[in-house]
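Asks: From just these sequences and the hints, can you work out the full model?
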Amino acid sequence: MKIIEALIKIKKSYQKKARMPKKLKFKEEFIMIINHNMNAMNASRQMEANNVAAGKSIEKLSSGLRINKAGDDAAGLAISEKMRGQIRGLQQAS
Numbered sequence: 001m002k003i004i005e006a007l008i009k010i011k012k013s014y015q016k017k018a019r020m021p022k023k024l025k026f027k028e029e030f031i032m033i034i035n036h037n038m039n040a041m042n043a044s045r046q047m048e049a050n051n052v053a054a055g056k057s058i059e060k061l062s063s064g065l066r067i068n069k070a071g072d073d074a075a076g077l078a079i080s081e082k083m084r085g086q087i088r089g090l091q092q093a094s
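Quick note on full-length UniProt numbering: the sequence shown kicks off at 1 and runs consecutively.
Calculated from the structure, these hints are not laboratory results. Glycine included, every Cβ here is placed at the ideal spot set by N, Cα and C. Among the clues, some could well be false.
Unchecked claim - Simulated pairs of lysine to aspartate or glutamate, EDC-like, Cα-Cα distance not exceeding 16 Å:
#1 Lys60 to Asp72
#2 Lys60 to Asp73
#3 Lys69 to Glu81
#4 Lys69 to Glu59
#5 Lys56 to Asp72
#6 Lys56 to Asp73
Stated by the list, open to error - Have a look at the derived ranges for each label pair, beta carbon to beta carbon:
#7 Glu5 to Asn42: 38 to 46 Å
#8 Arg45 to Gln86: 41 to 49 Å
#9 Glu5 to Glu48: 38 to 46 Å
#10 Ile87 to Arg45: 24 to 32 Å
#11 Arg88 to Val52: 30 to 38 Å
#12 Ile87 to Ala40: 51 to 59 Å
Replies: Listed below in structure tokens is the structure:
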């Protein structure tokens with residue numbers, strides 16, 4: 001209630017300073033309502049997780065590789081890169 005009274009005082013002082021026309025009035029009832037649609041928020045979060053998973057799967061399918069980046073398998077990527085280096089070295093030597 002104190003907040004509403006303070007806002008009404010601010011409105012009145014603003015009207016005096018700005019000399020606003022009487023027909024322009026602020027609404028004197030201020031009601032704060034916070035609604036959360038939890039079902040919609042959960043559905044949105046699940047949809048985002050599914051989109052991320054689908055993106056990763058499509059990336060793997062399109063590249064044809066088991067490991068695309070270090071996040072997939074860091075140790076496997078290190079071994080793979082070492083083997084690729086050795087293969088390139090052997091190809092250049094022959």
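Asks: Each hint: holds or not?
Replies: Evaluation of the provided hints:
1. For the hint linking lysine 60 to aspartate 72, the alpha-carbon distance of about 10 Å falls within 16 Å, and the restraint holds.
2. Restraint check for lysine 60 and aspartate 73: the C-alpha separation of about 13 Å stays at or below 16 Å, so the hint holds.
3. Taken as a hint, the lysine 69 and glutamate 81 pair is honoured in the structure, with Cα atoms around 11 Å apart against an allowance of 16 Å.
4. Taking the CA atoms of lysine 69 and glutamate 59, the gap is near 11 Å; set against the 16 Å cutoff, the hint holds.
5. Simply put, lysine 56 and aspartate 72 have alpha-carbon atoms about 10 Å apart, close enough for the 16 Å limit, and the pair holds.
6. Only pairs whose Cα atoms come within 16 Å are accepted, and lysine 56 paired with aspartate 73 is accepted, the gap being roughly 13 Å.
7. About 40 Å separates the C-beta atoms of glutamate 5 and asparagine 42, a value consistent with the hinted range of 38 to 46 Å.
8. Distance hint check: the CB atoms of arginine 45 and glutamine 86 are about 45 Å apart, consistent with the given range 41 to 49 Å.
9. Checking the proposed 38 to 46 Å range against glutamate 5 and glutamate 48 shows it holds: the Cβ atoms sit about 44 Å from each other.
10. For isoleucine 87 paired with arginine 45, a C-beta distance near 44 Å fails the hint of 24 to 32 Å.
11. As the Cβ distance of arginine 88 to valine 52 is approximately 34 Å, the hint placing it in 30 to 38 Å holds.
12. At roughly 52 Å, the beta carbons of isoleucine 87 and alanine 40 sit within the given window of 51 to 59 Å.
When the structure is compared with the earlier hints, a violation turns up for hint 10 alone.
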